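*Asks:* Residues per chain are reported as follows:
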Amino acid sequence: MSDDINDIKYAIEAKGLSKSFGGLFALKGIDLSINEGECVALFGPNGAGKTTLIKVLTTLSRPANGKVLIAGEDIKKNAVAVRRRIGVVSHQTFLYDNLTAYENLKFYGKMYDVPDLEQRIVDVITKVGLESRLRDRVGIFSRGMQQRLSIARAILHDPPIMLLDEPETGLDEQARSTLSELLKTLVAGNRTVLLTTHNLEWGFALADRLAILVKGKIVYEDSKQSLDMTTFRETYNRCVGARS
Amino acid sequence: MINYLGKVMTIFFKDLLSEFRTKAVASSVLLFAILVIIIFNFAFESDSDTIGLVAPGVLWVTFTFAGVLSMNRTFVVEKEKGCLEGLMLCPVSRDVLYWGKMISSLVLMLIIEAVVFPIFLILFDLPLWMPRLAIVALLGTLGFASVGTLFSALAANTKARDMALPIIFFPVVVPVIIAAVKATDLILNSGTWHEMSSWLEILIAFDVIFLVVSALVFEFVIEE
Ligand SMILES: Nc1ncnc2c1ncn2[C@@H]1O[C@H](COP(=O)(O)OP(=O)(O)OP(=O)(O)O)[C@@H](O)[C@H]1O
Ligand SMILES: [Mg+2]
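Sequence order for the protein chains is A and B.
When we follow our numbering, the leftmost residue of the first sequence carries the number 83, and every step to the right adds one.
When we follow our numbering, the leftmost residue of the second sequence carries the number 1232, and every step to the right adds one.
I should point out that these hints are in silico values taken from the structure, not numbers from a laboratory.
Model, not experiment: these values are computed from the prediction.
A hint or two may mislead.
For lysine-lysine, the following DSS-like pairs were computed, each having C-alpha atoms within a straight-line distance of at most 27 Å [stated by the list, open to error]:
# : chain 1 : residue 1 : chain 2 : residue 2
1 : A       : Lys158    : B       : Lys1312
2 : A       : Lys209    : B       : Lys1254
3 : B       : Lys1310   : A       : Lys192
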């Protein structure tokens, strides 16, 4: 166990991570290291354990075994420090239907101690293109608009590490490319991104590195340089097909 | 410390704003509580002899059921769009979430009680000014909210949400109900402070113990 804080190499580092639900292992010994300023796309079929992995990395779920460091902080010992450094988009939006977009962002901004909050709210809402709907109740937003707002919510406190679970679901073509641009800007600014997706092309185009999770194990991991989309699709099909 | 309280209050104000907007919980629970009081009032045909006997029980049965109803909502609301996870992702320790939700439940209950109280006192022909009763109500409600918030979080994670809370809640709050009914009984039948004090002590002890224990175990209840 190396607790040397001066020696942070990875933004996300998981070792021997496992998680079980009543004896059924959803994660079986995950080893994953992601550099600062890197964008990693994680693929895998339904039930592979992608969401479970994100939940463990974001301190929502307790791992059965293994060690995880996020920005050099241990998720068990220093969960609050970890939470401060991560932005999360998940299957659910984390938004309150009865409150307006502005009130939702204001609430979360206060919880994160975001400095200069009013200006920041305007900034993020503009980034996702919802500035005209700022004063509307979230309950009347369409699915895609809610997803956009949940992305705005995730970047509100300008976290160095983003963990995104299928962030493109429900987004139209235009919003999806806006999201790509947003994530690219973040990565260019030395932010780290780990995202899961079922959209092979979209994830492939965005990521520096690709990983495939099948039945709770990372069965493939490689940087993109050596790959083209066709080869990767073949690899994916082989990995996923091999499970049954 | 200031920051800690600030976060607790941020959660509380968020709940208050949300409830103010819809009045979903307040209106239904209030209606329920008033109906219960009125039905009891008819059922007992209370004359001046029996009032002192039944009134304390009626009052606390009403508060208990109203408490369960409103507390059941506390975490169901948070679960709807995964907001509980959103809260759990905030850079605060889990007990901040407990205190925030506990205060929300407490204040909501107290507002409901503030409306139900005068109706109860008028229907049962009791004097309107009873500050000692307010103290008992506050302590009893605090007991309900401390336990209810913990169990509501627990129940929200189970499938049988609506059933689970009453089943685990009632047995645990029995001491609160007994102490509150006894204290109320003494107040309505002109007991002294001295006679009341032991029941008040039980209420206070229960509140303190449950607030501390609940805040401590809360993280194990909401994490998978
Ligand atoms: N709360 C839970 N209780 C029991 N089992 C669970 C729970 N959450 C996940 N699982 C199980 O863990 C496994 C992995 O689920 P997970 O949601 O991580 O998959 P996923 O890769 O995100 O799938 P999808 O692509 O459909 O989102 C599944 O077999 C699932 O049934
Ligand atoms: Mg998933």
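*Asks:* Now, for every hint given, state plainly whether the structure supports it.
*Replies:* Do the hints match the structure? See the list:
1. About 26 Å separates the Cα atoms of lysine 158/A and lysine 1312/B, which keeps this hinted pair within 27 Å; it holds.
2. Only pairs whose Cα atoms come within 27 Å are accepted, and lysine 209/A paired with lysine 1254/B is rejected, the gap being roughly 33 Å.
3. Using a Cα cut-off of 27 Å, the hinted pair lysine 1310/B and lysine 192/A holds, with the two alpha carbons roughly 21 Å apart.
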